[in-house]
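Q: Input sequences plus hints: build the corresponding full structure.
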Amino acid sequence: MIEKEITLQLCIHGQWVDAAQIALLQSEGQGVLAPVYLAYETNWAVEHAASTGLPALATRYPVSLAHKQRPHWPAFLVDLLPQGYGRAELLRQLDRKPTSGPESDWLLLQHGAGNPIGHMRVKQAAEWLAQQTTPLQGFHDQEIVDRAESFVEHLAQFGLFVAGSSGVQGEWPKLLLTRAKDNKLYLDHTLNDEQAAAHYIVKFSRGPNQRLASILRHEAAYMQIAKYAGLRVYNLPTFNNGVLFIPRFDRTALGGKVNRHAQESLASLLDVPGFDSNPSHNDACTAICQHCANPLPELAEYICRDALNLALGNKDNHARNTAFTRNMQGNLQLTPLFDFAPMVLHPDGIARRMRWQQETASVPQWADVIQFIEQLQAGATPYLVASLQSLIQPLAAIQNNPSKHGIEPELFQLIDPHLKAQINALQALQ
Numbered sequence: 001m002i003e004k005e006i007t008l009q010l011c012i013h014g015q016w017v018d019a020a021q022i023a024l025l026q027s028e029g030q031g032v033l034a035p036v037y038l039a040y041e042t043n044w045a046v047e048h049a050a051s052t053g054l055p056a057l058a059t060r061y062p063v064s065l066a067h068k069q070r071p072h073w074p075a076f077l078v079d080l081l082p083q084g085y086g087r088a089e090l091l092r093q094l095d096r097k098p099t100s101g102p103e104s105d106w107l108l109l110q111h112g113a114g115n116p117i118g119h120m121r122v123k124q125a126a127e128w129l130a131q132q133t134t135p136l137q138g139f140h141d142q143e144i145v146d147r148a149e150s151f152v153e154h155l156a157q158f159g160l161f162v163a164g165s166s167g168v169q170g171e172w173p174k175l176l177l178t179r180a181k182d183n184k185l186y187l188d189h190t191l192n193d194e195q196a197a198a199h200y201i202v203k204f205s206r207g208p209n210q211r212l213a214s215i216l217r218h219e220a221a222y223m224q225i226a227k228y229a230g231l232r233v234y235n236l237p238t239f240n241n242g243v244l245f246i247p248r249f250d251r252t253a254l255g256g257k258v259n260r261h262a263q264e265s266l267a268s269l270l271d272v273p274g275f276d277s278n279p280s281h282n283d284a285c286t287a288i289c290q291h292c293a294n295p296l297p298e299l300a301e302y303i304c305r306d307a308l309n310l311a312l313g314n315k316d317n318h319a320r321n322t323a324f325t326r327n328m329q330g331n332l333q334l335t336p337l338f339d340f341a342p343m344v345l346h347p348d349g350i351a352r353r354m355r356w357q358q359e360t361a362s363v364p365q366w367a368d369v370i371q372f373i374e375q376l377q378a379g380a381t382p383y384l385v386a387s388l389q390s391l392i393q394p395l396a397a398i399q400n401n402p403s404k405h406g407i408e409p410e411l412f413q414l415i416d417p418h419l420k421a422q423i424n425a426l427q428a429l430q
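Residues 1 to 430, numbered by this note's numbering, are exactly what the sequence shown covers, in order.
In case anyone wonders, no lab produced these hints; they're calculated from the structure.
Please note that a few of the clues may not be correct.
As the list claims (entries may be wrong) - Calculated pairs, BS3-like style, for lysine-lysine (alpha carbon to alpha carbon, straight line, at most 30 Å):
#: 1; residue 1: 420; residue 2: 315
#: 2; residue 1: 181; residue 2: 315
#: 3; residue 1: 97; residue 2: 184
#: 4; residue 1: 4; residue 2: 68
#: 5; residue 1: 181; residue 2: 257
#: 6; residue 1: 404; residue 2: 257
#: 7; residue 1: 315; residue 2: 257
Model, not experiment: these values are computed from the prediction.
A: Right, dumping it as structure tokens:
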């Protein structure tokens with residue numbers, strides 16, 4: 001019998017506290033489209049009334065005594081749901097078919113949302129995860145890169161190839177690993193905060209497909225390009241023998257404590273239902289203007305990311321590949337860039353999910369885009385034009401010497417026309 005109520009916990013000043021209850025109102029067979037009932041804990045609601053900061057579940061769900069009934073899962077709850085490789089592995093561990101669909105979403109939430117990105121978790125999932133824990137064991141970086149037998153066997157004790165990764169959404173096998181003060185890496189959920197020094201998402205190459213391997217191999221180079229182009233980038237990832245180590249920006253370890261930063265996806269900010277909704281970039285810019293205290297830098301960052309995505313063939317731009325961070329007061333900013341890679345190489349073929357209303361033949365008309373944003377944010381035009389045109393020099397440098405920037409010949413052949421098109425489009429801006 002599946003329990004139809006969960007408790008959501010938030011980590012505030014290093015302590016996990018019960019913040020809200022969510023109850024499933026109909027059969028779990030509807031998955032994320034099932035109606036739910038949401039209520040903040042009474043004491044929490046009184047103490048933090050009207051907050052949209054850290055005490056809130058999400059920007060669009062400020063703390064309140066009022067109970068809410070929603071026709072579908074809130075988008076912030078969908079953010080916690082394991083996806084991709086992690087979903088399939090966790091389903092196997094729960095004795096479900098790895099291809100099981102919406103009917104398993106609620107069960108996955110109850111078991112796979114105990115250690116997700118950000119400062120929110122499902123209490124029942126955290127308790128279940130704690131029960132799976134084996135004796136603490138750390139590994140040197142090279143043991144992980146080499147997939148050493150001791151490392152693989154340690155993972156197997158959890159019944160997963162990528163144990164500990166079920167709280168991370170995505171396609172490649174991933175682990176959440178934490179570097180301890182002894183410089184070894186541990187499965188994140190097994191290590192006490194007092195011992196933590198740095199946190200990573202670690203992606204592993206999978207299978208024999210060379211294009212998938214190339215995507216992962218280029219992700220570190222693409223993040224370096226993004227930094228070179230002036231985008232908001234956290235500490236750079238490193239790639240070694242099919243393993244990508246990505247420093248996490250949602251946690252800060254300092255003085256024996258771990259500060260977990262509130263994160264929510266663009267899907268959460270827009271509160272779009274399920275996985276199949278396709279909001280537009282115009283919707284995103286409107287939300288940025290509504291919810292960010294200083295929207296202009298966020299708007300510039302947002303449109304520059306799209307220009308770089310177009311130039312470099314990153315087509316996987318759905319609403320969960322952009323996220324925001326909130327502070328205690330509820331101030332909202334785009335997080336550093338993530339999942340920036342040449343998805344144009346994907347063997348399945350991926351189309352851009354999010355588009356501008358101002359597009360011709362799937363190509364944004366930047367002057368029209370800026371005119372739209374000017375209507376939202378008066379006086380934005382000079383700043384946005386300058387921001388977009390600042391990309392011309394780095395894009396031209398990449399085009400002139402792609403190998404210097406880590407781009408291999410096969411990939412360059414695919415993206416070269418897009419580089420040229422974006423350089424020309426940005427130069428034409430007045």
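Q: None of the hints should be skipped; say for each whether it holds.
A: Taking the hints in turn, this is what the structure says about them:
| no. | hint | result |
| --- | --- | --- |
| 1 | 420 / 315 | 17 Å, holds |
| 2 | 181 / 315 | 39 Å, violated |
| 3 | 97 / 184 | 35 Å, violated |
| 4 | 4 / 68 | 16 Å, holds |
| 5 | 181 / 257 | 12 Å, holds |
| 6 | 404 / 257 | 40 Å, violated |
| 7 | 315 / 257 | 38 Å, violated |
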